[in-house]
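Enquirer: Below are the chains, spelled out letter by letter.
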Amino acid sequence: MADRDTIAAIATAPGRAGIGVVRISGRALADLSLKLCGKALPPRMATLCDFGDGDGGIIDRGLALYFPAPQSYTGEDVLELQGHGGPVVLQRLLKRCLEMGARVAEPGEFSKRAYLNGKMDLAQAEGVADLIDASTEQAARCAQRSIHGEFSAEINELGRQLVELRALTEATLDFPEEEIDTGTTDDQVRRLGAIQEKLSVLLSASDQGSLLREGALVVLAGQPNAGKSSLLNRLAGEEVAIVTEIPGTTRDAIRQSINLFGVPVHMIDTAGLRESSDAVEKMGIARTWAAIAQADLAVLVIDAVKGESAEDRAIAARLPTSLRCLQAFNKSDLARKAVGREGDKIVLSAKTGEGMDDLRAAIAEAIGWRGGAEGVFMARARHLTALRAAQAGLARAATQTRQQEFLAQELREAHGALMSITGEVTPDDLLGEIFAHFCIGK
Amino acid sequence: MRTSAHGDILMQYIDLYDIIVVGGGHAGSEAALAAARMGCKTLLLTHSVETLGQMSCNPSIGGIGKGHLVKEVDALGGAMAAVTDEAGIQFRILNSRKGPAVRATRAQADRALYRKAMRAQLENHPNLCIFQQAVDDLILEGDKVTGVITQIGVRFRARTVVLTAGTFLAGRVHVGLENYQAGRAGDPPALTLAQRLRELKLPVGRLKTGTPPRIDGRSIDFSVMTEQPGDDPAPVFSFMGSREQHPQQLPCWITHTHEGTHDIIRAGLDRSPLFTGVIEGIGPRYCPSIEDKITRFADKNSHQIFLEPEGLTTHEFYPNGISTSLPYDVQYALVRSIKGMENAHITRPGYAIEYDYFDPQGLKSSLETKSIAGLFFAGQINGTTGYEEAAAQGLLAGLNAALQVKDRDAWCPKRNEAYLGVLVDDLITRGVSEPYRMFTSRAEYRLSLREDNADLRLTEIGRSLGVVDDVRWAAFEKKREAIAREQERLKSTWVNPRVVDAAETLRVLGQAMEREYPLLDLLRRPDVTYGALMTLPGAGPGVDSVQVAEQVEIQAKYQGYIERQQEEIERSAQQENTRLPQDLDYAKISGLSIEAQQKLAKHQPETLGQAARISGITPATISVLMVYAKRGFSGQRKTA
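Each protein sequence line maps, in turn, to chains A and B.
In terms of the numbering used here, the first sequence is residues 46 to 487.
In terms of the numbering used here, the second sequence is residues 442 to 1081.
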């Protein structure tokens, strides 16, 4: 069927490696695997075979793993071919699959099928995408956690507690004659408080996850000779890690992205910001200003030998007033000043590296990174929005414990927002919960 | 002349009816009345004229969620509320201390008075004929129903048929391990029809319900029980009703089971059809038998029993809470173990009944079957329970059958319009796993779907459909206008703290007023009632009508929430209004999982909103469908 064709892709990263994997998913792969491997493959067992080229020749000798539907990653038949890692061999294997009717998978298509076939929920599927995109090791660890359903598990646990509270609330509304609506308000308030607390912990962990995923935009400003470049190089460290690009119009303005405690920090360079009549340059300048408008932080580099000058103040004045600004007094070695930090002022030397740790700590703090990826989830903007909506609903609920039908309404909305993250809709949960806990039966 | 399957001579009626309603219970009565109100030539076929409007289970109408349905039926010109006003012997508002959205009217009804009042409605209605005969078969031409054949072989022709056979289809009654074929409350079962419907390959399932043994009130010691009187003044059910219609009022009584009772039940479980696997049908979780309750909630050492009077001219009481299918000797012992019933005389044994129902996922939202044109199903055969759920469906089915006869589009109320919409949508998108009963928690727009505004929500629609008569319409218009006028007055009348005495504002508002306010803003405050506000100097006099005053107050208090729900409704409108063509070939839609394709093909949802509520259909599936809907599904039709 044209709408559910077989897809194939090289699953390992490009380049030379010990082994490389070609993955194939489709509705019926038994025939394809027989032709390709020359023998029937037992399910879920590594089988050594020769991958044939269809003309009697052999492309490679390797291991084949056959996962018949539905017990596979995508929920369809999946075939994994582990061959030698060279690009030529893998390309030939892929080409052979295409000859046999497969088409090249689109990015994320395996995960998409896994999601559509109910093998993972939305948060897990997004976790896979994040893992593939993960720009730093810490981000990868968080994404890994989301795939394993830890984020979903947290959401589901919160959802479970909310269902209990809602069931209690709904039971008092729907079954007033069942001797269950006495003394429930204290219980409701206690439960609501516990859920709010749990949600706020989860939200904070997700906020951090979002920072790991999206990173932060930092404007680097200062006079030409203040030492911005050396400061940037020093910040970037040995490995000048160009970790990711941020999409859209801001791209041109990014000079470098650095890895700060695992958080991708995108530096916006203001070097080119000057009056210009050149049309192309004007466009670049406009884009830089657009990027600055979205920035999370500015670092103004000042020559410590000269001290803060009128020019420095003029540069600062051009930045948006709401933008927090750190002042980095560079060249402490020449100015013979002691390095250190006082509030948003940091004295350092990019040349010797002294005081750089203070600057890193100050930037991290200013962009909201609270350190450590433990327990942090790779949340997307969508998740944060949903979690905040749930939080707002719960806060309103807390003010409505006197009017149960309003309380119920707020809880319903909060619950809906929460469950939109994992994409699971469970309309009958409530009644089931009520009948499991209360003996209803007038 | 041909002969029927039984060898009887067939008689062909000359008349062609617009609508034939099969069954004279709560669904059948409302269906026949709605069709007749719309001017359609209607025939009601029942196996017994004497049992029209029979309450075969507990003698009460309404309750949370159910009362909402009764008010909606009333707002659409139906009979249930009006009949209850004539037959009710105890009226109460449940949840009266909670908000208006969850307040509900409940009445105990005199069975005999109820039957009498309903029969009078049916017998005196223009366009409506009644004929006493059980129906054995449907006449089909291709995929269209064209009439019915009765037990003695009489053939009636009709453009549409509404089937409301209740629990009679292949009914089997259980008392202990004994069981026999029967309908409810001593009536015969409809076996031939059940057999015939099974042959038509309509998807059929089995459900179970039950009743308690009935008790002679003369043998009950009420002095040791708690009296539960009706509300004073007694609430009125119908928007058109009045307290003067009510007959004499009686109280209910409350007593409890105890561990001794539970021991008796436990000792009899080995002869329980429920616990020995004799009963296969699934019973309702919210209305379990007493043996089920003590087994599932073993730590609860006492269960409440409400003794409800069956009527003014009978001594019988209905002990609500001890529904059972245990053998009679166990029933006898358990009843006599209860406080105040030590000498109780049982007048009728309790029993469980299993019956056929049709998977409502086979219905359109008009309640017409998807497989047979012109055939509508309503009531308990759709897997619901309760008189109110049945009546609501009956009215909708009768109304839509009439619309079909008149070649007009079906009326399918939405979830945000009526409990009736919630009911039908739940049934057709999710099916049932137990007898379906209405609860307010099923309605996501609960704050908008109240008893008090059922007429404001539905009467105008009912009028345009043709089920609301001139008298009701005039009364409704008058009320609606009075509400608008009073709201306008409260909006434009300002109270100034420099004019009104501070002691007065403190008395009415509970606090001093710091600035000038319109009355309507003051009424929005949680603790300010309309009545109290009208006593503020310069504010009154208010309106006389209780209904109008109540409506003005509720709308003011709920406004914030109603506006938020309205936004939610608008957000979901795109999904709800996106229609899915019935000739859609889901196999041609790429990006859908096989499971989703199969589910959608089976359900044939009418809208994207319905599709989203089918269990197992994920938001991803809906996104995919939405993309195709935007392209008009070109190339995904079966004909393409």
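Careful: at least some of the hints might be erroneous.
As the list claims (entries may be wrong) - Partial selection, computed: residues in chain B whose CB lies under 7 Å from chain A:
| # | residue |
| --- | --- |
| 1 | I505 |
| 2 | I534 |
| 3 | N536 |
| 4 | K539 |
| 5 | A542 |
| 6 | V543 |
| 7 | V719 |
| 8 | G722 |
| 9 | R726 |
| 10 | F880 |
| 11 | T881 |
| 12 | S882 |
| 13 | S1034 |
Hints were generated in silico from the structure; no laboratory data involved.
All C-beta atoms in this analysis are idealised placements derived from N, C-alpha and C, irrespective of residue type, glycine included.
Enquirer: Just to be careful: measuring from the Cβ of S882/B to every Cβ in chain A, is the smallest value less than 7 Å?
Expert: 4 Å, holds
Enquirer: Hint check: is the beta carbon of V543/B less than 7 Å from a beta carbon of chain A?
Expert: 5 Å, holds
Enquirer: For the restraint on S1034/B, tell me whether the closest CB of chain A is nearer than 7 Å.
Expert: 4 Å, holds
Enquirer: Verify the interface restraint on A542/B: the C-beta must sit less than 7 Å from at least one C-beta of chain A.
Expert: This hint holds: A542/B lies near chain A, its Cβ roughly 5 Å from the closest one there, short of 7 Å.
Enquirer: Is the hint on G722/B kept, meaning its closest Cβ partner in chain A is under 7 Å away?
Expert: 17 Å, violated
Enquirer: Taking the closest Cβ pair, is F880/B under 7 Å from chain A?
Expert: 5 Å, holds
Enquirer: Is the interface hint satisfied for V719/B? The criterion is a beta-carbon contact with chain A at less than 7 Å.
Expert: 21 Å, violated
Enquirer: Quick check on the hint: I534/B CB to chain A CB, less than 7 Å?
Expert: With a closest approach of 10 Å, the I534/B hint is violated.
Enquirer: Is the interface hint for R726/B satisfied, with its Cβ closer than 7 Å to some Cβ of chain A?
Expert: Holds. Min distance 4 Å.
Enquirer: If you take the shortest Cβ to Cβ gap from K539/B to chain A, is it below 7 Å?
Expert: This interface hint holds because 6 Å falls under the 7 Å limit.
Enquirer: Mind checking the CB of N536/B against every CB in chain A and telling me if the closest is under 7 Å?
Expert: 5 Å, holds
Enquirer: For the restraint on T881/B, tell me whether the closest CB of chain A is nearer than 7 Å.
Expert: OK, holds: T881/B within 7 Å of chain A, min 6 Å.
Hint check: violations occur at hints 2, 7, 8; the rest are consistent with the structure.
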